[in-house]
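Trainee: For the record, the sequence lines run as chains A and B.
This note's numbering puts the first residue of the first sequence at 24, with every later residue one more than the last.
This note's numbering puts the first residue of the second sequence at 55, with every later residue one more than the last.
Watch out, some of these pointers could steer you wrong.
As a list, the in silico DSSO-like pairs of lysine-lysine whose alpha-carbon atoms are at most 27 angstroms apart [what the hints assert, rightly or not]: (1) A:106 <-> A:56; (2) B:122 <-> A:41; (3) A:106 <-> B:210; (4) A:41 <-> A:53; (5) B:210 <-> A:78; (6) B:210 <-> B:120; (7) A:100 <-> A:56; (8) A:78 <-> A:53; (9) B:210 <-> A:624; (10) A:106 <-> A:46; (11) A:750 <-> B:122; (12) A:128 <-> A:100; (13) A:100 <-> A:78; (14) B:235 <-> B:95; (15) A:750 <-> A:733; (16) A:128 <-> A:56; (17) B:235 <-> B:148; (18) B:122 <-> B:95; (19) A:30 <-> A:53; (20) B:148 <-> A:733; (21) A:624 <-> B:148; (22) A:733 <-> B:235; (23) A:56 <-> A:30; (24) A:41 <-> A:30; (25) A:407 <-> A:434; (26) B:95 <-> A:100.
Chain A is nowhere near these chain B residues, computed Cβ spacing over 10 angstroms in every case [said to hold, decoys possible]: (27) 94; (28) 119; (29) 149; (30) 213; (31) 216; (32) 221; (33) 226; (34) 242; (35) 245.
Because the hints were derived from the structure by calculation, they are not lab data.
Glycine included, C-beta positions come from ideal geometry on N, C-alpha and C.
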Amino acid sequence: MAIDRDKVARNALRYIQKGQFHKAIGEYEKVLKLDPRDIRVRLKLADLYGRVGRKREAVDVCVAVAETYAEQGFYVKAIAVYKQALRNDPESPSLWRNLGEMYAKHQLVGDALGAFKHAVDLLRDQGLNADAEDLLARMESLAPDNVAIKVHLAELFLEDGRYDAFDEVLGKIVLQLRGEGRSRKLLKAISTFYEKSNHHPSVRNRLAELYVDLGEEGRALEVIAEGLAEDPDDRDLRLLALRSHLVLGQLEDARRIALGLYEEDPEDLFLLEQLAAIAQARGDDRELASAYRSMAKAYGHKGLSDKEELYYRKVLEAEPGDAEARLALGDVIVDTVPEPVGGEDWGDGVTEWDGSAAGPASRDEIEEGLLEAELYLKYGIEEKAEAKLRELTELAPDDVLIRQKLRDLYKRGGNRQGWVREQLHIADIFVRSNRENEALRAYQSILEVDPGNAEAIKAIQYLKPDLVHTPAAADAIEIPIDGSMVEFVDEEGGERAVPVPAGDVPPDALRDGLAEAEFYEARGMTDEAVQTLLELRDRYPDSSHVTARLERLGWQKEGDGGFVDLQAEVLDTAGLSLAQGFEGFQDFEVSELDDIVSEFKSGIAERLEEGDFETHYNLGVAYREMGLLDDAIQEFRVSARSPEKARDAYASMAQVYREQSRWDDARAALRQALGVPGNTDEDRAAVLYELGDLAEEAGDWDEAFQNFEKAAALDPGVRDVGGRLRKLQTSRARG
Amino acid sequence: MAFVNYSSREINVKIVYYGPGLCGKTTNLRYLYDRAPDRLKGRMISLATETERTLFFDFLPMNLGKIKGFNVRFHLYTVPGQVFYGASRKLILKGVDGVVFVADSQALRLDANAESWEDLRRNLENYNLSIPPLPAVIQYNKRDAPDALPVPVIRKALGDPGLPEFESVAPDGIGVFEPLKHLARDVLNILRR
Numbered sequence: 024m025a026i027d028r029d030k031v032a033r034n035a036l037r038y039i040q041k042g043q044f045h046k047a048i049g050e051y052e053k054v055l056k057l058d059p060r061d062i063r064v065r066l067k068l069a070d071l072y073g074r075v076g077r078k079r080e081a082v083d084v085c086v087a088v089a090e091t092y093a094e095q096g097f098y099v100k101a102i103a104v105y106k107q108a109l110r111n112d113p114e115s116p117s118l119w120r121n122l123g124e125m126y127a128k129h130q131l132v133g134d135a136l137g138a139f140k141h142a143v144d145l146l147r148d149q150g151l152n153a154d155a156e157d158l159l160a161r162m163e164s165l166a167p168d169n170v171a172i173k174v175h176l177a178e179l180f181l182e183d184g185r186y187d188a189f190d191e192v193l194g195k196i197v198l199q200l201r202g203e204g205r206s207r208k209l210l211k212a213i214s215t216f217y218e219k220s221n222h223h224p225s226v227r228n229r230l231a232e233l234y235v236d237l238g239e240e241g242r243a244l245e246v247i248a249e250g251l252a253e254d255p256d257d258r259d260l261r262l263l264a265l266r267s268h269l270v271l272g273q274l275e276d277a278r279r280i281a282l283g284l285y286e287e288d289p290e291d292l293f294l295l296e297q298l299a300a301i302a303q304a305r306g307d308d309r310e311l312a313s314a315y316r317s318m319a320k321a322y323g324h325k326g327l328s329d330k331e332e333l334y335y336r337k338v339l340e341a342e343p344g345d346a347e348a349r350l351a352l353g354d355v356i357v358d359t360v361p362e363p364v365g366g367e368d369w370g371d372g373v374t375e376w377d378g379s380a381a382g383p384a385s386r387d388e389i390e391e392g393l394l395e396a397e398l399y400l401k402y403g404i405e406e407k408a409e410a411k412l413r414e415l416t417e418l419a420p421d422d423v424l425i426r427q428k429l430r431d432l433y434k435r436g437g438n439r440q441g442w443v444r445e446q447l448h449i450a451d452i453f454v455r456s457n458r459e460n461e462a463l464r465a466y467q468s469i470l471e472v473d474p475g476n477a478e479a480i481k482a483i484q485y486l487k488p489d490l491v492h493t494p495a496a497a498d499a500i501e502i503p504i505d506g507s508m509v510e511f512v513d514e515e516g517g518e519r520a521v522p523v524p525a526g527d528v529p530p531d532a533l534r535d536g537l538a539e540a541e542f543y544e545a546r547g548m549t550d551e552a553v554q555t556l557l558e559l560r561d562r563y564p565d566s567s568h569v570t571a572r573l574e575r576l577g578w579q580k581e582g583d584g585g586f587v588d589l590q591a592e593v594l595d596t597a598g599l600s601l602a603q604g605f606e607g608f609q610d611f612e613v614s615e616l617d618d619i620v621s622e623f624k625s626g627i628a629e630r631l632e633e634g635d636f637e638t639h640y641n642l643g644v645a646y647r648e649m650g651l652l653d654d655a656i657q658e659f660r661v662s663a664r665s666p667e668k669a670r671d672a673y674a675s676m677a678q679v680y681r682e683q684s685r686w687d688d689a690r691a692a693l694r695q696a697l698g699v700p701g702n703t704d705e706d707r708a709a710v711l712y713e714l715g716d717l718a719e720e721a722g723d724w725d726e727a728f729q730n731f732e733k734a735a736a737l738d739p740g741v742r743d744v745g746g747r748l749r750k751l752q753t754s755r756a757r758g
Numbered sequence: 055m056a057f058v059n060y061s062s063r064e065i066n067v068k069i070v071y072y073g074p075g076l077c078g079k080t081t082n083l084r085y086l087y088d089r090a091p092d093r094l095k096g097r098m099i100s101l102a103t104e105t106e107r108t109l110f111f112d113f114l115p116m117n118l119g120k121i122k123g124f125n126v127r128f129h130l131y132t133v134p135g136q137v138f139y140g141a142s143r144k145l146i147l148k149g150v151d152g153v154v155f156v157a158d159s160q161a162l163r164l165d166a167n168a169e170s171w172e173d174l175r176r177n178l179e180n181y182n183l184s185i186p187p188l189p190a191v192i193q194y195n196k197r198d199a200p201d202a203l204p205v206p207v208i209r210k211a212l213g214d215p216g217l218p219e220f221e222s223v224a225p226d227g228i229g230v231f232e233p234l235k236h237l238a239r240d241v242l243n244i245l246r247r
């Protein structure tokens, strides 16, 4: 019997209006029997099923309709229907997942990730880790640069004991964060994984490597010791231990480990190089000659006769009477070998870099030029310094020292392009001098500054093709030591000088750092001077020079917060830290926030001229309003250099310090605000009132009274100064 | 709560433009920045991702003259609208004095509006705030979109919050100044009290 569709629809509507949903369902089901593809009727039924509590059927109908829409390419409609389904079953991971897929189809990646996020959360709650892993992998494909997704994925693999998969993801995290120069964040992540994995060996090795790379050799050795207690033969850990002992100047420990490793592989040129370096540092010519002799033989076995000859020459420099070397080189060559002179360079024909590989120009000429450039730098005439150094590069294009000075000059001036250009030159010189490790490191540092630098990428691929997969492992094999006394290692924010053990000789890095701080101080750039000194203090905590200079600049230990790690600040602000684990998506978002804040700050730093004091001030206010207090102080400090903004900036700094309960800093900032030239009486009264208020809060009634009194004298109408004075008088009278 | 700095004699008022992704928050700020006289505005700080989405926040400081000897500075912020950046939005709302909720009038974004409104409500709760008493206005943006929904439909999706409403086409400046002026008045009235 034919059905009048319109009549049935009217009936259904009437039932709905009366709240008789079951009867309405009956009517629509009649229509659906006639035309099962009628989407409008199906959706009405889904709605009614939901109203009468037939949730499962409601969801089933919605899913079928959504799938139909999706097949036809109507993703927006499919999104709406999945949302309708979710109202009936909000705890369904598959619905959230499907919704996410529809968003993804519609190019709404952020919304897609949000929906997937719900699904992952539900799957984990339900113990369906494998499904959660699949979904996180899908999220990763949508947002390949999102490190937080990888962190979650790694965590899930770890929970499931899938160590191979975990290690693979961890490798990606390492590659990404190192590539972005975010080693500190990486350290937090790996430290967390180390705890969560119950000190799994693969995580331990990565952690140790990272500590070494970050210059925290002492901590690295603690981790290494733990690993070697479990597996004394772990070669990677022993190599890391060797590197750490060398940096820490623990030559005997380094020698013991190097000899142990060498016995396992007597032709390992890297180890021989280390043994030679250790012998040289210990002043043991016999052992130095022995190391070089072994190297010469190893090169001989490889058929590299020029290198063989080179190292036999070195043997003779260490031990001129060495019969084997004489025999190998022949009488004619032996006659040309100069007698060794302590502290001199390696002599003719030796390609070792001694920091002054000058070309045709005389060394004196170069030294004179360098001195001139230094002088220009000291007096802040950077253009002239640059011109001089450029002139010198033309005289001696392969002189690493000149290139380094020029590079550092660009770094100070924030000239990224110039820095990269010079670093590429330096790397190239290293390559041509067969100093592949230094070259590799130089290229890596370029990628930290300029991640897409094609030349560096190409060079790294050439030098170390496997680096793309295992960057940390590549780093673990390098411990170059040369006569320069200073080894440069990569670190966040640039390069860091690490003193190389050599008896009592003062480290150049310390001297250079002090000179740099002096340079800043002479130009009135106190903040930069303090920052430089604080960096030095981290490396040379016992240096009285550094401490004295810091004190001279008015720095106090508790004032350290001006240079805090942004990440720690943000995480602390949010009340979470990576060390607490990655449980739940709140942390996921916090991790994202950390990334965003970092990216924002670096983006702003690139665009904002230092002389735009007004904007620095406004940015300080913005950070303060968000509770990013240390960032706010940094911005206010910059703006305080402007005579026009100084009073407001110092006053704002004082407020932030008060929020941080840093009373002394607040007082100092207010005093600076008070001393700003051009203050009117009203301005001074306002600041004096604040000083009084601060003193009263600190319990110093006398000082408070004096300040209020001075404020009242300048401007009797300043706030409630009269009342405050009366109140203080009463309090003082009562004792 | 507005920051009052007695030493610098400044009152800093924080206004946040909130709303779903791509609803036109940054467009609002850009228009205000382009049209405001130089003496009234500071430099606009705005960073966008490669896909032109707001990174962290946009920031536009504006000077509104003096009240009782204090410089009144309005700081206009936008939040990143994408669902994923909840933590950023929460941080930016800290210390907020007023909210312009920018709703996207396009039919497709109806749910996004409702979700964003709910997100705003939750984030404010985090700071023990709610609308009202926190001053807020609703700006229905993209009124020129071919599939723009009627205002009552969007209002209903937001739960009919009973706030002052403005219709806008932000790129053309239609309805851009009005919601800000209204909100500024409400905020200043509270400050005066």
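Trainee: Go through the numbered hints given earlier and state which of them the structure violates, listing their numbers in rising order.
Mentor: 2, 6, 9, 16, 20, 22, 26 and 29
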